[in-house]
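Residue numbers (my numbering), protein chains in the order written: chain A, -6 to 445; chain B, -6 to 445.
Derived from the structure by calculation, the hints contain no laboratory data.
All figures in this text were calculated on a predicted structure; none of them were measured in a lab.
Each hint can be trusted.
No more than 27 Å apart at the CA atoms, straight line, and that leaves these computed lysine-lysine pairs for DSS-like: (1) K23(B) <-> K23(A); (2) K257(B) <-> K393(A); (3) K68(A) <-> K71(B); (4) K(-3)(A) <-> K55(B); (5) K14(B) <-> K23(A); (6) K2(A) <-> K131(A); (7) K55(B) <-> K68(A).
Facing chain A, a subset of chain B residues (Cβ under 10 Å, in silico): (8) T112; (9) P122; (10) R379.
A virtual CB, placed ideally from N, CA and C, is assigned to each residue, including glycine.
Protein chains: 2
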Amino acid sequence: MAQKPSIPKGTRDFSPEEMAKRNYIFDTIKSVYRTYGFMEIETPAMENLSTLTGKYGDEGDKLLFRILNSGDSLKDFKREELLTIDANEFAARACDRGLRYDLTVPFARYVVQHRNEITFPFRRFQIQPVWRADRPQKGRYREFFQCDADVIGSDSLLHEVELTRIIDTVFHKLGVSVTIHLNNRKLLTAIGETLGIENIIDLTVAIDKLDKIGWDGVQGELLSKGIAQEAIDRLYPILTFVGSNEEKLEKMGELFEGSVVGKKGIEELSYIFDMLRLSPLHNKVLLDLSLARGLDYYTGTIFEVKANDVQIGSITGGGRYDNLTGVFGLDGVSGVGISFGADRIFDVLNQLELYPKEATTGTRLMFVNFGDRETRYILPLLSEIREAGISAELYPEDAKLKKQMSYANALSIPYVAFVGAEEVDSKTITLKDMESGEQMALTLEQLIQRLL
Amino acid sequence: MAQKPSIPKGTRDFSPEEMAKRNYIFDTIKSVYRTYGFMEIETPAMENLSTLTGKYGDEGDKLLFRILNSGDSLKDFKREELLTIDANEFAARACDRGLRYDLTVPFARYVVQHRNEITFPFRRFQIQPVWRADRPQKGRYREFFQCDADVIGSDSLLHEVELTRIIDTVFHKLGVSVTIHLNNRKLLTAIGETLGIENIIDLTVAIDKLDKIGWDGVQGELLSKGIAQEAIDRLYPILTFVGSNEEKLEKMGELFEGSVVGKKGIEELSYIFDMLRLSPLHNKVLLDLSLARGLDYYTGTIFEVKANDVQIGSITGGGRYDNLTGVFGLDGVSGVGISFGADRIFDVLNQLELYPKEATTGTRLMFVNFGDRETRYILPLLSEIREAGISAELYPEDAKLKKQMSYANALSIPYVAFVGAEEVDSKTITLKDMESGEQMALTLEQLIQRLL
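Chain A on its own, in the form it takes in the complex:
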C-alpha cells in the first residue's frame, strides 16, 4: 500500500533552513512587539462557523475551509433532501466549524468572550497560520501566517505613533529599508464630500489600485462607477500632489477648510507626524493621499509599508477601526492594528540575502566518532559543551571519516572536533575550523571559550 506522498495544493513543508529563517523573522517581530508592551495570545485553528461566516463578504465565505461534522455527518438530513439541496446550504448544515480565515475576527471574538478578564487598553499580538481556499499561485498560499498587533479600547493617537515606530524598528532590525505610507480615511471621506462622490467605498477601492493600474485605470474605474469626469479631474492633483508631509497637510488644510471630517483627519495626521518627529526614525514615513486600503472597516489612520529595494507589494499594513466587536454584541470598542506579511518579508530577505549567518546555522560542533573508547571519553565533554549552551553532537556511528565529514559539510557545521587515542592521552581536543581549515589542539575550557 505504498503511495507517493504529497501535501495539499497551496500548503508547504518548512525545512530546517526555512524554519530558521522564519524563526528569525518571527522572533524579531515578537521581540519588538514585546518591548512595546504587547502581549501574545493564541486562538484555536477551528472556530464555530457562526463566528466566521458573514464577516468577510460572500467572496470570503466561499473561501472558508469547513470541517465536516464528525460521526455520521448526514444524520441531520432527511435523505430525500439531499436530492435537491443546494451545495452551500448542505455545507452550512453539515459543518459546524471552520478554519480561521484571519486573526482579526477571532481576536474580536476573543475580546468579547473574555471581556471580563481583560484589562483595557489591551495590547495583544498574535502570530498564527490562517487558511483560505483561494486558488494557489506564486506567493499566495492556502495556509499562511499572519503577525498581527492591535491595541483596543483606546482612542489615543499615541498608538498610531507607537505602531509606526514598531514598523520602523522591525524593518531596521531586519536590515530592510522601507517607506511607511500613512493616510487617514477621514481625508478620503472629505475628498469624497468635496468632490460630491457619495460612495466612498467605490472611491477607495479605485484609488487603492493607483499603484497597479495607474491613473488611467483608476479614472476608467471611477467613470464606470458613475462618478463625474469633473470630480475625477479635481481628484487628480490631490492624489499626485508633490511636497513634504507638512506641505501636503497644509494643502489639504486649505482644500478642506469647510469639512469637519477633513479637518479632523488633518488634525490626527498632524499630531502623529508631530509626535514622530520627537526622536529619530530609521525609515521614511510618507503621507500618501493615494493610500486607501481596500478593507472597509477602517475609519481613521491607515498604514502600508513598501520595501525600497525590492519590487513586491505591501509588506505590512493596518489601520484604525471604530467597531471591531460590534458584530459580537460589544459596541464602542475602537482599536488600531498592524499586520506584518511574513511570507513577503521572507521573500524580501531572501532576495536581499539579509539573513545573518548565526540565524540559520544549527549544530556548531560535531565530534568525529572513532569508536567505543573515544565515545566514552567524548560523552562527558559533550554534556559540558551543551551545558554551556553550545549546540553540539557526536556522529552516532564509527563510520568512515569521509562519510562523517560529508555529513558535517552537508549540515554546514562550522567546527569539527577530533578525539583519537592521542587526544585521550593528552586530554586535549583537536578542533578544526571548517571555513578556514585551521586546526588547533585545545583543552575543553579553551574550546568552549572559542565557540561561545
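Using the hints provided, position chain B relative to the given structure of chain A.
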C-alpha cells in the same frame, strides 16, 4: 445580528499569561533540542486524507477531522447515491483533506517526500498542534500540542542515550523532579516467548495497564485473552522484581539465557545504562520491566517519564521503531523519538508553582501619562529604554492617576515611572518599585541600568 461568541468544544484560547507559561515550556524544550543538534521543521495543518487514513487504526480514522471539499462539495456524487450512501463513504469522497492527527505520520511523509534533500541521520524536532475528534474531558482536548524529537536513519544506541539526557535536562531546567522509565520491547518479546504467550500485543496492552488497574486487573485481562494461569504466575515475579537496574539486567540475563531476542534486549539496555553512567544525571533512570507502551510500532527501547511530586500520567514518552516510512514506500529507515506532553507539563508546573516570575511578566515599566507636555518629553526616553531591550509603555491617555495605577496593577507591571513638570525641569524620572513601594529619582541611564 449580535451573537454570544464561543469556541468549539475541546478547543482553547490562550491568554497572555497562559501564553507566557506555554512559551516558557516550549522555549525550554526547544533550546535543549537545539543543543543536541536537533533541527526544527513544520508541516501543514492539513494533510491529504490518503496520508492520514489507515495509519491510526479504525478508531483513529474516526477521530480525524475532515475538511469538506471547497466549491460544490456534492458535485462528485450522483444525487440518487446520496439516498443510500454510507456516512463513512460519503465523508471519504466529500473530503480530500484532513487535519493532522499527530506529528509522526506527517514526519514520515515529510522524510519520504524530501528524502533527496535530507542528510541522514536526520535529527528533527517539531512543535505543532494536532487535532482529534475525541470526546473532550478534563485534560483531553480536541486541539493540543505535541513536541516531538526523532532521529532517523541510524541504528546507533547513542541516540537512546542522548534522548534520555534530553529528557533529564529539560525537566531539570523546568525544576520538575521526574523518574525516567526505560524498557525494551525485545525483553517483552522474550517474556512472551519464555512463557509461551504468542500474542505479544495482548501481553503489552495488558502490562501497560499495571499502573492503573493493578496486578489483579492485569491478570484478569490476560486470562480473558486465553493466556494460561501458569504463564501468568511466572510473569508476576518478573514484572515486580525489586533491585537496581544492574540487578534487574542480571536477573533477566539468567531468565533469557536461551533467547536470542532476550539477549539482544539486555545487551541494548546494558549499553544504554553503561553510557548514561559516564556523566551525572539530575533525575533517576529506572529499568521498568512493566513498561510496555500501547503503540505497536515500537521495536526496541521504550521511554516513559513520570513526575515524582504530582499524581498525573506519563508526561513524556517515546521509543525506537524499525520502519516508520515503509507505508510511504521507503523501507529500512529506522529511528527513535520522544514526545513531551506539553499540556500535562503545563499542569504540573502550575500545580508546583514552578514558573519563574521573569517568564510570566510582560511590560516591565509603565510611564504615567500627565498630559501633552510630559508625553513629548517621555516619548524619546521610551525609545531609548526599548532600544535597551526593556519592555515599556506610556499609559495612552491623560486619565485619572487611580485608573492608570490600577491598569499597572492589573498587568502586574513591576515598575511605574512618573515624569511631571518637576522631573522635566530636573531631567530626572521618578521610579516606583511596585512591590516594595520604594521611590527614587533617577537619570535615564540609571533607570535603564536598574531595570536591566
